[in-house]
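Asks: Next come the chains, spelled out residue by residue.
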Amino acid sequence: MKHSVEVKSHKTIGQDLYEMIVIAPKLAQTAHPGQFVHIRVIDSLDPLLRRPISICDVDKKRGSVRFIYRAGGKGTKILSKSKEMTKIDLLGPLGRGTFPTENQAKRNMLLIGGGIGVPPLLYAAKELAKQGASITAILGFANHQVVILEDEFRELGDVIVTTVDGSYGKQGFVTEYITKEPDLYLACGPKPMLQAIKNHELLQTANGYLSLEEHMACGIGACMGCVTKISISDENSEWKYRKVCDCGPVFPAERVVF
Amino acid sequence: MKHSVEVKSHKTIGQDLYEMIVIAPKLAQTAHPGQFVHIRVIDSLDPLLRRPISICDVDKKRGSVRFIYRAGGKGTKILSKSKEMTKIDLLGPLGRGTFPTENQAKRNMLLIGGGIGVPPLLYAAKELAKQGASITAILGFANHQVVILEDEFRELGDVIVTTVDGSYGKQGFVTEYITKEPDLYLACGPKPMLQAIKNHELLQTANGYLSLEEHMACGIGACMGCVTKISISDENSEWKYRKVCDCGPVFPAERVVF
Amino acid sequence: MTLKPSLAVDLGFLQLKNPIMPASGCYGFGKEYAQYYDLNKLGAIVVKATTPHERLGNSVPRIAETPAGMLNAIGLQNPGVEVVLEKELPWLKQYDTPVIVNIAGSTLEEYIEVAEKLNQAENVAALEVNISCPNVKAGGLAFGTDCVMAEKVIREVKNISRYPIIAKLSPNVTDIVSISQSVEQAGADAVSLINTLLGMAIDVHRQKPVLANVMGGLSGPAVKPVALRMVWQVSSAVKIPVIGIGGITTGNDVVEFLLAGASAVQIGTANFVDPYACINILQELEEFLSTKSITDIQELIGKAK
Amino acid sequence: MTLKPSLAVDLGFLQLKNPIMPASGCYGFGKEYAQYYDLNKLGAIVVKATTPHERLGNSVPRIAETPAGMLNAIGLQNPGVEVVLEKELPWLKQYDTPVIVNIAGSTLEEYIEVAEKLNQAENVAALEVNISCPNVKAGGLAFGTDCVMAEKVIREVKNISRYPIIAKLSPNVTDIVSISQSVEQAGADAVSLINTLLGMAIDVHRQKPVLANVMGGLSGPAVKPVALRMVWQVSSAVKIPVIGIGGITTGNDVVEFLLAGASAVQIGTANFVDPYACINILQELEEFLSTKSITDIQELIGKAK
Ligand SMILES: Cc1cc2nc3c(=O)[nH]c(=O)nc-3n(C[C@H](O)[C@H](O)[C@H](O)COP(=O)(O)OP(=O)(O)OC[C@H]3O[C@@H](n4cnc5c(N)ncnc54)[C@H](O)[C@@H]3O)c2cc1C
Ligand SMILES: Cc1cc2nc3c(=O)[nH]c(=O)nc-3n(C[C@H](O)[C@H](O)[C@H](O)COP(=O)(O)OP(=O)(O)OC[C@H]3O[C@@H](n4cnc5c(N)ncnc54)[C@H](O)[C@@H]3O)c2cc1C
Ligand SMILES: Cc1cc2nc3c(=O)[nH]c(=O)nc-3n(C[C@H](O)[C@H](O)[C@H](O)COP(=O)(O)O)c2cc1C
Ligand SMILES: Cc1cc2nc3c(=O)[nH]c(=O)nc-3n(C[C@H](O)[C@H](O)[C@H](O)COP(=O)(O)O)c2cc1C
Ligand code: FES
Ligand code: FES
Chain A
1 MKHSVEVKSH KTIGQDLYEM IVIAPKLAQT AHPGQFVHIR VIDSLDPLLR RPISICDVDK
61 KRGSVRFIYR AGGKGTKILS KSKEMTKIDL LGPLGRGTFP TENQAKRNML LIGGGIGVPP
121 LLYAAKELAK QGASITAILG FANHQVVILE DEFRELGDVI VTTVDGSYGK QGFVTEYITK
181 EPDLYLACGP KPMLQAIKNH ELLQTANGYL SLEEHMACGI GACMGCVTKI SISDENSEWK
241 YRKVCDCGPV FPAERVVF
Chain B
1 MKHSVEVKSH KTIGQDLYEM IVIAPKLAQT AHPGQFVHIR VIDSLDPLLR RPISICDVDK
61 KRGSVRFIYR AGGKGTKILS KSKEMTKIDL LGPLGRGTFP TENQAKRNML LIGGGIGVPP
121 LLYAAKELAK QGASITAILG FANHQVVILE DEFRELGDVI VTTVDGSYGK QGFVTEYITK
181 EPDLYLACGP KPMLQAIKNH ELLQTANGYL SLEEHMACGI GACMGCVTKI SISDENSEWK
241 YRKVCDCGPV FPAERVVF
Chain C
1 MTLKPSLAVD LGFLQLKNPI MPASGCYGFG KEYAQYYDLN KLGAIVVKAT TPHERLGNSV
61 PRIAETPAGM LNAIGLQNPG VEVVLEKELP WLKQYDTPVI VNIAGSTLEE YIEVAEKLNQ
121 AENVAALEVN ISCPNVKAGG LAFGTDCVMA EKVIREVKNI SRYPIIAKLS PNVTDIVSIS
181 QSVEQAGADA VSLINTLLGM AIDVHRQKPV LANVMGGLSG PAVKPVALRM VWQVSSAVKI
241 PVIGIGGITT GNDVVEFLLA GASAVQIGTA NFVDPYACIN ILQELEEFLS TKSITDIQEL
301 IGKAK
Chain D
1 MTLKPSLAVD LGFLQLKNPI MPASGCYGFG KEYAQYYDLN KLGAIVVKAT TPHERLGNSV
61 PRIAETPAGM LNAIGLQNPG VEVVLEKELP WLKQYDTPVI VNIAGSTLEE YIEVAEKLNQ
121 AENVAALEVN ISCPNVKAGG LAFGTDCVMA EKVIREVKNI SRYPIIAKLS PNVTDIVSIS
181 QSVEQAGADA VSLINTLLGM AIDVHRQKPV LANVMGGLSG PAVKPVALRM VWQVSSAVKI
241 PVIGIGGITT GNDVVEFLLA GASAVQIGTA NFVDPYACIN ILQELEEFLS TKSITDIQEL
301 IGKAK
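Protein chains in written order, with the numbering used here: chain A, 1 to 258; chain B, 1 to 258; chain C, 1 to 305; chain D, 1 to 305.
So that you can see chain A by itself, here it is in the shape it has in the complex (with noise of 0.2 Å):
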């Protein structure tokens, strides 16, 4: 579970946004939509911890893995600059908490993603598509500078893209964009669109799930720093503290306690 990885492409894919494809054959292998890597950006104490990334996409074939980022803070940085053909250090496949994408032929699928949230829903979208589901993606975006992946959605459903700043694609945040209640909704991206979503008039009925995101130190359970609300019975709103690292990333939306 933890890999030295060669990376064997690595380029930026819009504003300080970063795609880098490693070559990790048991992690292809044994990967499921929604789980991340923890990655140590340079052999260094400074920065001293991993940062989580979800898995964007797997080739099993050629054994290679793909990343999309967002270079943000000093670590994504330092990552940014690691070159083809040399070694990086990662723990995973990480978090039991996984997007369903088995068993649902023929249903409806709606995968909502949010800026850097958009990335993980790819390898979900193509593992749904594979079985036949109907899919409709609304990837929403700051501005057209960041916007990706459209196409690659393009080829799996609908696509609904929009921007805050109306730049590209359609004016406003996803949520305005959900008009039908689907079998099923995916989403990742910011807290407060995830919340939005959660709450929306057309999702209440419909079985969802949300990937969150935390603050990590060791990424596989054992430090209590990445914890969530989970409400532990439907009928009322008593909550634990859960681990994102281990019982998510992903988890049921009705569960979730914002």
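Watch out, some of these pointers could steer you wrong.
[As the list claims (entries may be wrong)] Below 25 Å or equal to it, Euclidean Cα-Cα: the simulated BS3-like pairs (lysine-lysine) are:
hint, chain 1, residue 1, chain 2, residue 2
1, A, 74, B, 81
2, B, 191, D, 208
3, B, 240, A, 8
4, A, 74, D, 292
5, C, 31, A, 26
6, B, 229, D, 17
7, C, 117, C, 31
8, B, 74, D, 208
9, C, 292, B, 77
10, C, 87, A, 240
11, A, 87, B, 74
12, A, 240, C, 31
13, A, 11, B, 240
14, C, 41, A, 74
15, D, 31, C, 208
16, B, 191, C, 305
17, A, 81, B, 87
18, A, 11, B, 83
19, A, 2, C, 292
20, B, 77, D, 239
21, A, 83, B, 74
22, A, 74, B, 74
23, B, 240, D, 31
24, A, 191, C, 292
These aren't lab readings, by the way, just hints derived from the structure by calculation.
Position chains B, C and D with the ligands against the provided structure of chain A, taking the given hints into account.
Replies: Leaving out everything else, chains B, C and D with the ligands in the frame of chain A:
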């Protein structure tokens, strides 16, 4: 005095030993033998401090400066990985106490270097040779694997190479091969060696200069970190702490208090 | 060739096959790391702080990265001593590595309650009494920063417990030496130090503290110099063994703590950086001893003094 | 386009054109850095600790590198107050940047002596009373870790001096808040914190402490979380301005300290990493304000609370 310089060539020249040549015209023009630079080995908080490295040689025409160093600890190991064409941040030339290489024509000069103390003597030797001084160099090393610069010194004068384990050249310490009194001697190497040189019976009346090392923070005289005991008069044993980075790194041998 | 060096250390009340143990709160109850390597390789295992009742812990974010370190404000989330007795400790029985249970409480009574309950356990080698947690209001820190309170809680726990007692000290004090002497006086069989330094970080964009709890405990390589200094001071002032903790990430770091007077060490934050940290450190330690032709690791203890 | 943001801060007793000043002991008397840039760009200059008589300082090594930090044990080497009055302060007259003189002593009398002598100076804006130096036996640290002693030395210096008094506090204490309140009570016009954390490092090859002095003061980015936490606590507990110090290397670090309640900051170790540190930080700070459309830097002070 702060430069961002390009690494022109960087290669290993012995066990853990590296030669780095940088393009730094201003530094090449102004550096005196015995001076050093203070290198930021990586733009990171760890390792935090710069590393002092002596100027081994300059090529004023090409505007390049050569360094030879041992990659022994954390910082120098990181430095040894910096590739050609990349930039390195350094301060220099530093140190007002330098090897006296002017007006030394026709004099008998003895240069004594120990291990990684050999490189700074090369630049001094070249300047002295230009003026027609007669040069004898005694270069001491631990073993054959770390012998450096022998050929270049041979072009400038007589050379005796010693190794502690006898695996190359003469067996023993440099001090065993001082056989006559020079007009002036210059020495750089580990403290016990410098002390033995200062106390050598054949060097009691000769003028001598010792290049010292001390742990440094600022490298420019501000922190008082790098002091050494320097006697304040010839008559008695009174001494004061003087900054190696600023008043040194080269001091008249008779002033150095061990 | 020299013989394989002996890594065993003797704490008096406990013999360890090597001086390496994961630190409390950084290793859960061992299960996660058991997926990476055999826990029998460790000198001992120190499990997450246990309180009499379940604790939910603090709000998130609980983690912030700092230069060569991290802040945490977990707030002692744990399932409570009953669950530890029923589920966690029995699972650890499959290993012959000694288990040290870290205990915490908000009041003297809570410490006593949890210590008492743990007397029923079958595989506890020692209790580590956490009088130094900075993340709980009215919590352990108050006990760990005052000699009288420290003495009291250690004495009471010692009286009630059937296990050797390790007092885990806080570095957030003016005089670590007098605290260590107080707990020795109170009957502690060993001291372990340091727990985290109280610190904080601010998010300049949100203009708010990074941690929901505002302050948290600083750990990792950044704190090593402070930890090492305190181990040096305390090991000169008490007769009981000292367990060194704080920023250890390499075999050389362990050697530093042993030379400063520690008889064993704990590894915390480094486990997050690399799940194999304890194992790698152990190997580096062995290599260090071999290179230096040291046959018994115990030779190193206190040798730099 | 927005206006150029105002960087000026008002300490009450002293107006600064910006909140950036080099920290004592990390900047000599300014001469070395004057070769790199114009000292008039700084908010103020805090010079090396001055004692009544010349001090030789400690043996070498005096410097050790640690993870994201460093240890120093300079031992207050300085030429004594007479030389400072005759040579160093007059040289600084060419700049209109306020000069803050850091004073230290081994006894109460020494503090008074040096403060008294400095009354003759012509270009001193304030005294920073170093009651927190960990590197001198029987030195300042004793004053800085005890409320009664801290109060006493600040009160006496305040009585004798014609300058505003800044009390520089030690972080090596259980309760920084009560120390800060004691010096406020004693008449301090401001507090500055933190001085260094007491730490050590061991050379595993020589099997000896790296520093000749065994222990030294930890500074640099590693200590920032502790410094920030103490600034947060103290600025909530006293009414006098707080000057934040500890591990600042970037403009964002300065913003963190301002948000935590500091009215100005000092830059120490960062000057060694880059001689242009203060200037770069100043520029980053200005860019931060512009990006966030903040017109007056003083808006940030204490805003994260
Ligand atoms: C399960 C999971 C999957 C993720 N997948 C992706 C992905 O596919 N692509 C992508 O661009 N981002 C992803 N993120 C977010 C990504 O981990 C953060 O953006 C990143 O850690 C920030 O690090 P930095 O070096 O840029 O910032 P810094 O400011 O240097 O980070 C400082 C500290 O805060 C933590 N941190 C800061 N922001 C976040 C955040 N949003 N979530 C978690 N920790 C944070 C960092 O991990 C680090 O410990 C994911 C997060 C999680 C938890
Ligand atoms: C004026 C001067 C000129 C020098 N010239 C050369 C040279 O030309 N070639 C060469 O190989 N070495 C030279 N040295 C020694 C070189 O600076 C050290 O070997 C180097 O700093 C060690 O860093 P590290 O990263 O290898 O070790 P680390 O163990 O990472 O060093 C830890 C800390 O200790 C300091 N340190 C450790 N050893 C020394 C030492 N011997 N002198 C000063 N600081 C030390 C480091 O600078 C750093 O701050 C010189 C030293 C001085 C003072
Ligand atoms: C996430 C986290 C949780 C911790 N929980 C506990 C705890 O429950 N009980 C305790 O005594 N110490 C706890 N600690 C402190 C560590 O055991 C250790 O004393 C400290 O982290 C210093 O060691 P390190 O620098 O190797 O991490 C915790 C530390 C961290 C980082
Ligand atoms: C080499 C060195 C010398 C110092 N000398 C003094 C001093 O003379 N007086 C003083 O009050 N503080 C002194 N300090 C402490 C600094 O002023 C500052 O409080 C501390 O280093 C923390 O800030 P930093 O992390 O930015 O360095 C010194 C620090 C260093 C590193
Ligand atoms: S990050 Fe440690 S438990 Fe999730
Ligand atoms: S290294 Fe700072 S004075 Fe020499």
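Asks: Each hint: holds or not?
Replies: Verification of the supplied hints:
1. 74/A x 81/B: Holds, because 21 Å separates the two Cα atoms, which is no more than 25 Å.
2. 191/B x 208/D: holds (18 Å)
3. 240/B x 8/A: violated (59 Å)
4. 74/A x 292/D: Holds, because 20 Å separates the two Cα atoms, which is no more than 25 Å.
5. 31/C x 26/A: OK: residue 31/C and residue 26/A at ~22 Å, within 25 Å.
6. 229/B x 17/D: Judged against 25 Å, a Cα distance of about 41 Å means the pair is violated.
7. 117/C x 31/C: holds (23 Å)
8. 74/B x 208/D: Roughly 19 Å between the alpha carbons, so the hint for residue 74/B and residue 208/D holds.
9. 292/C x 77/B: Roughly 22 Å separates the two Cα atoms, so the pair holds.
10. 87/C x 240/A: Holds - the C-alpha atoms of residue 240/A and residue 87/C are around 18 Å apart, at most 25 Å.
11. 87/A x 74/B: Distance of about 20 Å is within 25 Å: holds.
12. 240/A x 31/C: Holds - the C-alpha atoms of residue 31/C and residue 240/A are around 20 Å apart, at most 25 Å.
13. 11/A x 240/B: Violated, at about 58 Å.
14. 41/C x 74/A: violated (35 Å)
15. 31/D x 208/C: violated (38 Å)
16. 191/B x 305/C: holds (23 Å)
17. 81/A x 87/B: It holds: about 15 Å lies between the C-alpha atoms, which stays within 25 Å.
18. 11/A x 83/B: holds (21 Å)
19. 2/A x 292/C: Judged against 25 Å, a Cα distance of about 31 Å means the pair is violated.
20. 77/B x 239/D: violated (49 Å)
21. 83/A x 74/B: The hint holds at about 22 Å.
22. 74/A x 74/B: holds (21 Å)
23. 240/B x 31/D: holds (20 Å)
24. 191/A x 292/C: Violated. Residue 191/A to residue 292/C sits at ~54 Å, over the 25 Å cutoff.
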